[in-house]
Amino acid sequence: MKPFSRLLVLAICLLASSGGWAQAIVFIDPGKSDEVYWATAANAMKAAADELGMRLEVRYAERDHLRAIQYARDIAALPAAKRPDFVILSNDNGTGPEMLRVLDSAGVKTFFAFSSLPPESRTEMGGPRQKFKGWLGSLEPHAEDAGYLTAKSIIEQGRKAGARRADGKLHMVAIAGDRATPSSVRRNAGMEHAVIEAGDVVLDQVVYAGWTRDKAAEQAEWLFARHPDARLVWAGNDLMALGAMQAWEKRGGVPGRDAWFSGVNTSREAMDSGRLAALAGGHFITGAWAMVMLYDYAHGRDFADEGLELDRPMFTLFDPARARTYMSRFGKKFDRIDFRRYSKVLNPRLKRYDFDFGQLLQ
Amino acid sequence: MTPAPLAQFRTLASSLVRRTLAVAILCALVAATIQAIVVVGDERAAFDRVLRNIADTHVPLLSVAVWDIEPEAIRRQLQRIAAEPEVAHVRLSERTGHVFEAGDARLRDAKDAKILQVPYPAGQPGTIGTLEVTANRDILFRHLAEKVLVVVLGYGLLSLVLCTLIAMVLRTELEMPLRHLARFTSELSPENLTRPLELSRPPRAWRDEIDLVAAGFRTLQDGIHTHVANLDGLVASRTAQLESALEEIRELTITDSLTGCFNRRHLDLKLAEEVLRGHRAGHPLCLFVCDLDHFKRINDTLGHLAGDEVLRGAAAVLRREVRERIDWVARFGGEEFVIVLPNTTLVDAMLIAERMRRAIEESVFEHGGRQIRVTASFGVAQCRVDDDGASLVARADAMLYRAKAAGRNRVVEAPAESFAA
Numbered sequence: 009m010k011p012f013s014r015l016l017v018l019a020i021c022l023l024a025s026s027g028g029w030a031q032a033i034v035f036i037d038p039g040k041s042d043e044v045y046w047a048t049a050a051n052a053m054k055a056a057a058d059e060l061g062m063r064l065e066v067r068y069a070e071r072d073h074l075r076a077i078q079y080a081r082d083i084a085a086l087p088a089a090k091r092p093d094f095v096i097l098s099n100d101n102g103t104g105p106e107m108l109r110v111l112d113s114a115g116v117k118t119f120f121a122f123s124s125l126p127p128e129s130r131t132e133m134g135g136p137r138q139k140f141k142g143w144l145g146s147l148e149p150h151a152e153d154a155g156y157l158t159a160k161s162i163i164e165q166g167r168k169a170g171a172r173r174a175d176g177k178l179h180m181v182a183i184a185g186d187r188a189t190p191s192s193v194r195r196n197a198g199m200e201h202a203v204i205e206a207g208d209v210v211l212d213q214v215v216y217a218g219w220t221r222d223k224a225a226e227q228a229e230w231l232f233a234r235h236p237d238a239r240l241v242w243a244g245n246d247l248m249a250l251g252a253m254q255a256w257e258k259r260g261g262v263p264g265r266d267a268w269f270s271g272v273n274t275s276r277e278a279m280d281s282g283r284l285a286a287l288a289g290g291h292f293i294t295g296a297w298a299m300v301m302l303y304d305y306a307h308g309r310d311f312a313d314e315g316l317e318l319d320r321p322m323f324t325l326f327d328p329a330r331a332r333t334y335m336s337r338f339g340k341k342f343d344r345i346d347f348r349r350y351s352k353v354l355n356p357r358l359k360r361y362d363f364d365f366g367q368l369l370q
Numbered sequence: 086m087t088p089a090p091l092a093q094f095r096t097l098a099s100s101l102v103r104r105t106l107a108v109a110i111l112c113a114l115v116a117a118t119i120q121a122i123v124v125v126g127d128e129r130a131a132f133d134r135v136l137r138n139i140a141d142t143h144v145p146l147l148s149v150a151v152w153d154i155e156p157e158a159i160r161r162q163l164q165r166i167a168a169e170p171e172v173a174h175v176r177l178s179e180r181t182g183h184v185f186e187a188g189d190a191r192l193r194d195a196k197d198a199k200i201l202q203v204p205y206p207a208g209q210p211g212t213i214g215t216l217e218v219t220a221n222r223d224i225l226f227r228h229l230a231e232k233v234l235v236v237v238l239g240y241g242l243l244s245l246v247l248c249t250l251i252a253m254v255l256r257t258e259l260e261m262p263l264r265h266l267a268r269f270t271s272e273l274s275p276e277n278l279t280r281p282l283e284l285s286r287p288p289r290a291w292r293d294e295i296d297l298v299a300a301g302f303r304t305l306q307d308g309i310h311t312h313v314a315n316l317d318g319l320v321a322s323r324t325a326q327l328e329s330a331l332e333e334i335r336e337l338t339i340t341d342s343l344t345g346c347f348n349r350r351h352l353d354l355k356l357a358e359e360v361l362r363g364h365r366a367g368h369p370l371c372l373f374v375c376d377l378d379h380f381k382r383i384n385d386t387l388g389h390l391a392g393d394e395v396l397r398g399a400a401a402v403l404r405r406e407v408r409e410r411i412d413w414v415a416r417f418g419g420e421e422f423v424i425v426l427p428n429t430t431l432v433d434a435m436l437i438a439e440r441m442r443r444a445i446e447e448s449v450f451e452h453g454g455r456q457i458r459v460t461a462s463f464g465v466a467q468c469r470v471d472d473d474g475a476s477l478v479a480r481a482d483a484m485l486y487r488a489k490a491a492g493r494n495r496v497v498e499a500p501a502e503s504f505a506a
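Those protein sequences? They're chains A and B, same order as listed. When the letters of the first sequence are read in order and numbered with my numbering, they come out as residues 9 to 370. When the letters of the second sequence are read in order and numbered with my numbering, they come out as residues 86 to 506.
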């Protein structure tokens, strides 16, 4: 980075903080603090906050949606001086509308990252800056991509390996996350899109394992018994894919040779195992990108010209080489990403945000 | 022959209570039996209803849960089924060999259990699993016990209340008045027959059987009382009759039947008393012996019946001439009479004797249409201190003899100086 621009940033930061404060942001993380994906997402956000000179506090709901709503209430109950400037939310398990209502009535500005409100809630909730003035906007990874990319990859591998059954078709079972989270629904839609597109694939059944490894393993065990022809196993995240592989190995199978598994996310175990036929990830970065957008917003560069609700491709399909690159660059920290490069305030020539994860691996 | 021993005493109330209890027990048995039949039927119907409910609600949900491979949901559904009181145990066998159970595994009865097929949710042919439901027999027995207990308790309470009521009512309305009546009766005797029967009962607007018994008893009492009173009157009248008869007899024993004067036996007794009384009181006592003159001639010429008529007439004249209740006349024998004049001096006696003599002389007696006249002679004596009845009569008789000797139809008195001595 050039010394000049650094000086410029410093000057702007000084200007912005002439009131004596940096932007304070709270992220209500729906996941568990020891859950790889959500911890990674939070770490990336922290790295972005550090680089952009913002204060970030992460509160983990530990996959308890009541707790997530309670956090929103706690923040709303704070005295005005102690309230954060922005609260980043994710509409997991349908908690979004209630958190939005609570925070907006307290005058706290909000931003949905990862998962925004689904279309069916819009008649009641409206869009950003309409009914709820403090709802600034949303950024979602294009979730269909994750489902589509991974499904397409295992279908191709299955074809190559000659996994067609007696009926001349490839048989697939899918272990999805849940039925409520929009990103889950969209990943499934992507997967189904790939199945239809392929034409020679039968989707025997879709089950929902609630993102957990154990339940996925149990369900896979049933699925293998119920659908003996199934050789392609699509999973909504990496943990569920690992659980399904475990069940397959228990039956004496070898993942990658006689059955092909796919997952989403970039946990170390998934990246390292090499048994997963396909893995899509990188969308954990959504939160960090949201930090960039809020930074620009706070410094007078509204993202409204690109749209209030951004749905950007962020997933990338990891092959073993990419996985290695990822692990070497981001295995521990995310401070090797220069988030400042993506800010419109800091880069006035930038006209459109580019949030593709793939570029980070170039 | 010995009297039969008295049977054991048992109050009416206890008899009635015993019978009421027996009927109540019988009713309770019948009701409990009916309840038991109803309960068994109800339980069968309830189990059938539960099975229908399971088939209608749980099986579709189970079908979806099994298809979606939601073990938790399957377990929840089974637990909900097992929570039905009519269900003891439920077991789901999934097609690929997974088995879920809920309820008490010990109560599982594979032979007697109902089997429900769980179809595929999307209407595919075949079944995704089978559901085996074992009925809970415990609940049948528990319901049976509850119902029977309620019946028994209900009847028990009812019987208790009824028996208490019966005992109370019988005690106040029947037992106490009857005992009172019994005590009253046992204490009743001829002396206190008229004692009124007072039952201590509160005043009331109606009469009952006890009042009828009491009224009847009073009527009986009055009747007996009247009867006893009549009996007294009868006894009194009979006694009076007896006494008058006795009096008559006594009169007869002391009276001469022809003349109505005292007879000779009574003369002896009574004269002795008079003499004693005269001596004790120091009163003068005079005595006449009177003899009808020539009476033998009347008997001989006119017959004895005429003689009797003259004797009766003469006696009547003599008794007419003496003081009533003081002086008295006795027939001494034949045509001879003795006249006793207590508390009479010789002078007065002489006057009385003279009046008697004249009265006889002037009297005319009739017999058979014939008029008969007669005279009498009198010997008069005054009682002396040394006299007894016999000596007094003997002296008067001696004076009579003198009067006869002096020509009859006259009065001769014994000298008075000897009395003064």
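Hints are not guaranteed to be accurate.
To give an idea of the interface, some chain A residues facing chain B are shown, with a C-beta separation under 8 Å as derived from the structure [what the hints assert, rightly or not]:
no.	residue
1	ILE204
2	ASP208
3	VAL215
4	TYR216
5	THR220
6	ALA233
7	LYS359
8	TYR361
Distance ranges between label pairs, derived from CB positions [claimed, not checked]:
no.	chain 1	residue 1	chain 2	residue 2	range
9	B	ASN138	A	HIS201	40 to 50 Å
10	B	GLY208	A	SER113	28 to 38 Å
11	B	GLY208	A	LEU358	34 to 44 Å
12	B	ALA190	A	ARG337	23 to 33 Å
13	A	ALA188	B	ALA190	32 to 42 Å
14	A	ASP222	B	GLY208	27 to 37 Å
Worth flagging that the hints you see were computed from the coordinates, not collected in a lab. Here the structure is a predicted model, which means the values were calculated and not measured. Ideal Cβ placement from N, Cα and C applies to all residues, glycine included.
Is it true that B/ALA190 and A/ARG337 lie within 23 to 33 Å of each other by Cβ?
violated (56 Å)
Tell me if the interface restraint on A/TYR216 is satisfied: Cβ within less than 8 Å of some Cβ in chain B.
holds (7 Å)
Let's test the interface hint: is any C-beta of chain B closer than 8 Å to that of A/VAL215?
With Cβ-Cβ at 5 Å, under 8 Å, it holds.
Determine whether the Cβ-Cβ distance between B/GLY208 and A/SER113 falls within the hinted range of 28 to 38 Å.
At 47 Å between Cβs, range violated.
The hint names A/TYR361 as touching chain B; please verify it with the least Cβ-Cβ distance against 8 Å.
The hint is violated - A/TYR361 has no Cβ within 8 Å of chain B, the shortest such distance being about 39 Å.
So, as I understand it, the hint says A/ILE204 touches chain B; can you test that by seeing if any CB pair is closer than 8 Å?
violated (19 Å)
Note whether the CB distance of A/ASP222 and B/GLY208 lies within 27 to 37 Å or breaks it.
holds (31 Å)
Take the C-beta atom of B/ASN138 and the C-beta atom of A/HIS201, compute their distance, and say whether it sits inside 40 to 50 Å.
With Cβ atoms ~42 Å apart, the hint holds.
Status of the A/LYS359 interface restraint (C-beta, 8 Å, chain B):
violated (47 Å)
At the C-beta level, are B/GLY208 and A/LEU358 separated by a distance inside 34 to 44 Å?
violated (55 Å)
Verify the CB-CB distance for A/ALA188 and B/ALA190 against the hinted window 32 to 42 Å.
Roughly 36 Å apart at Cβ, these two residues keep to the hinted range, so it holds.
Quick check on A/THR220 please, does its C-beta sit within 8 Å of some C-beta on chain B?
Not OK, violated: A/THR220 not within 8 Å of chain B, min 11 Å.
The structure does not agree with the numbered hints 1, 2, 5, 7, 8, 10, 11, 12 stated previously, though it agrees with the rest.
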